[in-house]
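Trainee: Protein chains in written order, with the numbering used here: chain A, 832 to 1105; chain B, 10 to 293.
Be careful, since some hints might not be right.
[Claimed, not checked] Each computed EDC-like pair below joins lysine to aspartate or glutamate, with the alpha-carbon atoms no more than 20 Å apart: (1) Lys-947/A x Glu-253/B; (2) Lys-947/A x Glu-249/B; (3) Lys-248/B x Glu-948/A.
If you are wondering where the hints come from, they were derived from the structure by calculation, not from laboratory data.
As a plain string of letters, each chain reads:
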Amino acid sequence: MSRYTPEEKVKIARDPGRPGTADFIAALFTDFFEQRGDRLCGEDPSILGGIARFHGRPVTVIGHRKGKSLEENLRCNFGMPSPEGYRKAQRLMRQAEKFSRPVITFVDTPGAYPGKEAEERGQGEAIAQTLALMSALEVPTIAVVTGEGGSGGALALAMANRVLMLEHAVYSVLSPEGFASILWKDASRAGEACGVMKLTAQDLRRGGIVQGVLREPEGGAHTNWEAAFRTVDAALVKELAALDKLRGPALARQRYEMFRAMGQGLPPAGREEP
Amino acid sequence: MNQTFSRRRDRLLTYRAMREGKITSSRRTGCPECGEESASLEWERGLWVCPQCGFHRPIDAYYRLANILDPGSFQELEEGLSPADPLSFPGYPAKLAGLEQSTGLRDAAVAALGKVDGHKAVFAVLDSRFLMGSMGTAVGEKVARAAEYAARKKLPLIIFSASGGARMQEGIFSLMQMAKTAAAIRRFQSGGGLYISCFTYPTTGGVTASFASLGDIMLSEPGALIGFAGPRVIEQTIKEQLPEGFQRAEYLLDHGFLDRIVPRSQWRAVLAQLLALHEKGGRA
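Kindly produce the complete structure, drawing on both the sequences and the hints.
Mentor: See below:
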């Protein structure tokens, strides 16, 4: 059982000292070859992706990138992707399928960027198409929520056969600030929102939204990167081995059925049996 | 006309009469867009398009279907699907119960089988009177079931969207409906099914970022607000005012995200044409 409250977890999940996608790639993969650009109009550094070897085997790896220095933060737009980022991810996933490579994603974003150009170039369409594509991929896919899983911008890289979460990561329909401001017209009640949103890894595991919670070292992943890497590595090896038993169409079916079932079988609101 | 339908229609018309007062020639209704008042009778005759500025006012799902479908062809699907409260969110069940009372809907989506000029199709229509047409588990499930039903019956699928996005009160379960609906649409389309997506004022957030943006054909009513982020959020983020017409249907048409803008009075004709062009539900 965790000692942290949901509100504390949101803080930990956002800690800039936590390992990010680039760190996981450097530690867990070899031979990383970065692929850039959406082949339509641009390159979005807030999504990092490419080909690499995982325990010797070629895979496609994609993830949100927040950046480590202020300069990098700005270049990566603090991990808030534009449509170009999602379209790059689509391109890489299609290629992964073509060459029968598993897809491993790392999820850590406040959300897709709510900007003028992003809207102009179809942020909604880009996310929708990424979801549709991921839903039907006939290669194994594993998503790891490592920090902040913010809204549709996170989900777009997380529609995988297995969705895993680090112990102190969070994943939610909207940021607690946004949630409080929409429902209570008061963003300052974000702390309270954390409590009701069921956004912790433990809550989501119980709700059937994620399939595994990965133990973080004492004090959190930011205090001991090596330990976090070992845990994530072991989990990826295990899940990949399990998914390797399924053929392409069965992988797509398993993924479809898993997401299809989410929200089914809940008791109707206000009509619970007494 | 189908009995359930006429019963519902009666209830809805009574509700509207209560809300708007009795519609007489002297009664006037203001436009939320241009602010001008017009005779309510004129609004009604024009399918609730502003007689002054042409603003397409949100309309309820049954009224929309009644204006599009061949008389007597309406058959509601999955009528009993009801919302869940997975976060046990304070006040949510009461809010749902109140809305069910006032709108006659269990949640924000209506699914139906119907015909347009003799062409059979499966419809899903979002109703913005119900928590801004937001997508929680019931809406996501209904859209997915409509797509699956259309796939089974080898029929085209037509969805009218009007939504504020994912429903906050159902938290992460609402977010997952984006994945569920996108997957169901993808599967339906892979099987050769025709999906026509129709945007209406307003469609934003998780609905824009899932099933609404995946149409083989993408249509919109004039002036519909369509976006991922809402205009206020964008203005707060970039700290500047957005230009006039930003995120409106005409803007999306100019930027390559729509096939055509369809005035409310023309839906029947346009859908009939498209369905005829895709005889056998899109299969050769």
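Trainee: Give a verdict on every hint.
Mentor: Hints versus structure:
{"no.": "1", "hint": "Lys-947/A x Glu-253/B", "verdict": "holds (13 Å)"}
{"no.": "2", "hint": "Lys-947/A x Glu-249/B", "verdict": "holds (10 Å)"}
{"no.": "3", "hint": "Lys-248/B x Glu-948/A", "verdict": "holds (14 Å)"}
Checked against the numbered hints above, the structure violates none of them.
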